[in-house]
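K.L.:
What follows is each chain in one-letter form.
2 protein chains.
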Amino acid sequence: MSTRIKLTLSYDGTDFCGWQKQKTGVSVQGLIEDAVFSITGERVSVIGSGRTDAGVHAKGQVAHFDTNSAVPPEKFYKALNTVLPSGVKALKSEKVSDKFNANRTAKRKTYEYSLYSSDTEQPLKERYAARVYGVIDIEKMRSAAKILVGEHDFKAFSATGSSVKTTVRTVYGVSVEKSGEDIKIKVCGNGFLYNMVRIIAGALLKAGKGELSESEIVKALETGDRTLLAETLPAKGLCLLKVEYE
Amino acid sequence: MSTRIKLTLSYDGTDFCGWQKQKTGVSVQGLIEDAVFSITGERVSVIGSGRTDAGVHAKGQVAHFDTNSAVPPEKFYKALNTVLPSGVKALKSEKVSDKFNANRTAKRKTYEYSLYSSDTEQPLKERYAARVYGVIDIEKMRSAAKILVGEHDFKAFSATGSSVKTTVRTVYGVSVEKSGEDIKIKVCGNGFLYNMVRIIAGALLKAGKGELSESEIVKALETGDRTLLAETLPAKGLCLLKVEYE
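Residue numbers (the working numbering), protein chains in the order written: chain Y, 1 to 246; chain F, 247 to 492.
The shape of chain Y in the complex, shown without the other chains:
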């Protein structure tokens, strides 16, 4: 009888091709699977709460796998960290029911998009935030953010070419916080479409610059027209903060 382990993970996405295993490039999923093999000798599938793209960071990604190993579940993360590279580490491990599925039973996800406002690149901010310039009205960003809260068809807020059953998602909340030259956009929802948070962040930024009106955002939600919105902001500013389960 195998044991299902829930892992909480953090990674610096800079050097990875994203969560999912690819033909080329180093993936987070592949590194975790290799680490489990190193520790247990078992070749397992590690299922994440969802994919994160190349360059996207995580403070609290969640994944699960099944093992027959004798490693105590609550100590598994420390064993894995002895073999994981410095860019990916497990923060916690615990035994969960076989009904737990990191992907299918996830109820809420929270992402954060980080921006900084500066007329020149700042080396100590560049790794985890996108630089913006010009006058940005935070109240306009907050006002635009309110439009997105609730159940909507977010088709206009997803990268073209992605195939999903439905583009309807529920956004529970969007906050915009400013501290000095740093701006953080936090988005919590029941699930996200491909590039959705990066497109939301881009639209809110454009709203804050006075280049995108609230009626245009409403129209984008109504029509699903991606071209009404802004460009997708870069991956490096995005971080998966947490994934919640019932």
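There may be inaccurate statements among the hints.
What the hints assert, rightly or not - Mimicking BS3-like on lysine-lysine, the simulated pairs with C-alpha atoms at most 30 Å apart in a straight line are:
no., chain 1, residue 1, chain 2, residue 2
1, Y, Lys59, F, Lys371
2, F, Lys324, Y, Lys209
3, F, Lys324, Y, Lys184
4, F, Lys411, Y, Lys125
5, Y, Lys78, F, Lys455
6, Y, Lys186, F, Lys305
7, Y, Lys186, F, Lys371
8, F, Lys324, Y, Lys78
9, Y, Lys219, Y, Lys155
10, F, Lys465, Y, Lys125
11, Y, Lys219, Y, Lys184
12, Y, Lys78, F, Lys482
13, F, Lys424, F, Lys371
14, Y, Lys78, Y, Lys140
15, Y, Lys184, F, Lys430
16, F, Lys482, Y, Lys178
17, F, Lys424, Y, Lys125
18, Y, Lys236, F, Lys455
19, F, Lys430, Y, Lys178
20, F, Lys424, Y, Lys236
21, F, Lys321, Y, Lys209
22, F, Lys371, Y, Lys6
23, F, Lys321, Y, Lys59
24, Y, Lys146, Y, Lys95
25, Y, Lys209, F, Lys338
26, F, Lys432, Y, Lys59
27, Y, Lys242, F, Lys371
28, F, Lys338, Y, Lys178
29, Y, Lys75, F, Lys482
30, Y, Lys178, F, Lys455
31, F, Lys482, Y, Lys92
32, Y, Lys155, Y, Lys23
33, F, Lys371, Y, Lys92
34, F, Lys345, Y, Lys125
35, F, Lys432, F, Lys488
36, Y, Lys95, F, Lys371
Said to hold, decoys possible - Pair by pair, the computed Cβ-Cβ distance ranges are:
no., chain 1, residue 1, chain 2, residue 2, range
37, F, Leu487, Y, Val149, 53 to 63 Å
38, Y, Ser213, F, Gly271, 50 to 60 Å
39, Y, Gln22, F, Val464, 53 to 63 Å
Keep in mind the hints are simulated off the structure, nothing from the lab. Keep in mind that this is a model prediction, so the values were computed, not measured. Glycine included, every Cβ here is placed at the ideal spot set by N, Cα and C.
Assemble the complex: chain Y is given as a structure, and chain F must be docked to it using the hints.
P.N.:
Quick look at chain F alone, frame taken from chain Y:
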């Protein structure tokens, strides 16, 4: 008649051999001198407020150089940034009097040492902070910090082997701030000995853990005995925040 330019610089020290030019390795000073050459065709000496070691970061290092170029002083930083690599950027440039010397006329420097308390490595914190574990009493750290304020012989707080005329320095203030699992130690003084801030941070940490008493710190100041204190903390947690002039 040449013009003296004061530069304010920020860098991520991770990939550099430090401020100063070395026989091997990429130095910040060397990169700035090469950038000035690219822009002006002049081979100048760029003088920094002081050396920062390999791996140490800076938000506000200050340097100066003399130029005969026609580039407007206040726009020099943007010109340099077009040729500087992403790890080093100039934040500001201005014309100063020939009496200004980034090194000799510096009056106050402020450094910050960043720690985070966690039982496991966190990839998103590792680049700019040192990890610590165990119970840390912030009030004990603050109390120990007060002992260091004032004019003292900081011989015990400098790496052995450094040759300076005097090991007497004035520390204007030391603050210890905690936010969640993050601890930041800020030290402001008229100048610092080799490794001084990293040794101060190590001593305060040890005091916070209850492993170094206040009387031992007093004794270290009185005797100059380096062995009474703690280990030097790693370079990556250290950042030169600002350098002030009259």
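K.L.:
Against each hint, give a clear statement of whether it holds in the structure.
P.N.:
For each hint, the structure was consulted:
1. Annotation: proposed proximity of lysine 59 of chain Y to lysine 371 of chain F holds, straight-line Cα distance about 10 Å (limit 30 Å).
2. For the hint pairing lysine 324 of chain F with lysine 209 of chain Y, the CA-to-CA distance comes to about 23 Å; that is within 30 Å, so the pair holds.
3. Proposed proximity of lysine 324 of chain F and lysine 184 of chain Y is supported: the alpha carbons are some 26 Å apart, at most 30 Å.
4. Between lysine 411 of chain F and lysine 125 of chain Y the alpha-carbon distance is near 37 Å, which puts this suggested pair outside the 30 Å criterion.
5. With a C-alpha separation of about 23 Å, the suggested pairing of lysine 78 of chain Y with lysine 455 of chain F holds against the 30 Å cut-off.
6. Between lysine 186 of chain Y and lysine 305 of chain F, the direct Cα distance comes to roughly 26 Å. Compliance with the 30 Å bound is thereby established for this hinted pair.
7. For the hint linking lysine 186 of chain Y to lysine 371 of chain F, the alpha-carbon distance of about 19 Å falls within 30 Å, and the restraint holds.
8. For the suggested pair lysine 324 of chain F and lysine 78 of chain Y, the alpha carbons sit about 46 Å apart, so the restraint of at most 30 Å is broken.
9. At most 30 Å may separate the alpha-carbon atoms for a hinted pair to count; lysine 219 of chain Y and lysine 155 of chain Y meet this at roughly 12 Å.
10. Taking the CA atoms of lysine 465 of chain F and lysine 125 of chain Y, the gap is near 40 Å; set against the 30 Å cutoff, the hint is violated.
11. Only pairs whose Cα atoms come within 30 Å are accepted, and lysine 219 of chain Y paired with lysine 184 of chain Y is accepted, the gap being roughly 25 Å.
12. Between lysine 78 of chain Y and lysine 482 of chain F the CA atoms are separated by roughly 23 Å; this keeps the pair inside 30 Å, and the hint holds.
13. For the given pair, lysine 424 of chain F sits about 15 Å from lysine 371 of chain F by alpha-carbon distance, which is consistent with the 30 Å threshold.
14. Note on lysine 78 of chain Y and lysine 140 of chain Y: the hinted pairing is violated, with a Cα-Cα distance of about 45 Å set against a maximum of 30 Å.
15. Of the supplied pair hints, the one linking lysine 184 of chain Y and lysine 430 of chain F holds, its CA atoms being roughly 21 Å apart against a limit of 30 Å.
16. Among the hinted pairs, lysine 482 of chain F with lysine 178 of chain Y is consistent with the structure: their alpha-carbon atoms are about 27 Å apart, no more than 30 Å.
17. This hinted pair checks out: lysine 424 of chain F and lysine 125 of chain Y have alpha carbons roughly 21 Å apart, not beyond 30 Å.
18. With a C-alpha separation of about 36 Å, the suggested pair lysine 236 of chain Y and lysine 455 of chain F falls outside the 30 Å cut-off, and the hint is violated.
19. Of the supplied pair hints, the one linking lysine 430 of chain F and lysine 178 of chain Y holds, its CA atoms being roughly 21 Å apart against a limit of 30 Å.
20. For the suggested pair lysine 424 of chain F and lysine 236 of chain Y, the alpha carbons sit about 27 Å apart, so the restraint of at most 30 Å is met.
21. Between lysine 321 of chain F and lysine 209 of chain Y the CA atoms are separated by roughly 25 Å; this keeps the pair inside 30 Å, and the hint holds.
22. Only pairs whose Cα atoms come within 30 Å are accepted, and lysine 371 of chain F paired with lysine 6 of chain Y is accepted, the gap being roughly 23 Å.
23. Distance hint between lysine 321 of chain F and lysine 59 of chain Y is unfulfilled; the C-alpha atoms sit about 39 Å from each other, more than 30 Å.
24. At most 30 Å may separate the alpha-carbon atoms for a hinted pair to count; lysine 146 of chain Y and lysine 95 of chain Y exceed this at roughly 38 Å.
25. With a C-alpha separation of about 25 Å, the suggested pairing of lysine 209 of chain Y with lysine 338 of chain F holds against the 30 Å cut-off.
26. As the CA atoms of lysine 432 of chain F and lysine 59 of chain Y are separated by approximately 26 Å, the hinted pair is consistent with the 30 Å bound.
27. For the suggested pair lysine 242 of chain Y and lysine 371 of chain F, the alpha carbons sit about 16 Å apart, so the restraint of at most 30 Å is met.
28. Simply put, lysine 338 of chain F and lysine 178 of chain Y have alpha-carbon atoms about 23 Å apart, close enough for the 30 Å limit, and the pair holds.
29. A threshold of 30 Å between alpha carbons decides the hint, and for lysine 75 of chain Y with lysine 482 of chain F the separation of about 28 Å falls inside it, so the pair holds.
30. For a cut-off of 30 Å, the pair hint linking lysine 178 of chain Y to lysine 455 of chain F is broken: about 34 Å separates their Cα positions.
31. With a CA separation close to 25 Å, the supplied pair lysine 482 of chain F and lysine 92 of chain Y stays within the 30 Å bound.
32. Under the criterion of a C-alpha separation no larger than 30 Å, the hint pairing lysine 155 of chain Y with lysine 23 of chain Y is consistent with the structure, at around 29 Å.
33. A threshold of 30 Å between alpha carbons decides the hint, and for lysine 371 of chain F with lysine 92 of chain Y the separation of about 16 Å falls inside it, so the pair holds.
34. Taking the CA atoms of lysine 345 of chain F and lysine 125 of chain Y, the gap is near 33 Å; set against the 30 Å cutoff, the hint is violated.
35. With a C-alpha separation of about 11 Å, the suggested pairing of lysine 432 of chain F with lysine 488 of chain F holds against the 30 Å cut-off.
36. Proposed proximity of lysine 95 of chain Y and lysine 371 of chain F is supported: the alpha carbons are some 27 Å apart, at most 30 Å.
37. Between leucine 487 of chain F and valine 149 of chain Y the beta carbons are some 38 Å apart, a value that contradicts the proposed interval 53 to 63 Å.
38. For serine 213 of chain Y paired with glycine 271 of chain F, a C-beta distance near 52 Å keeps the hint of 50 to 60 Å intact.
39. For the hinted restraint 53 to 63 Å between glutamine 22 of chain Y and valine 464 of chain F, the CB-CB distance of approximately 59 Å keeps it satisfied.
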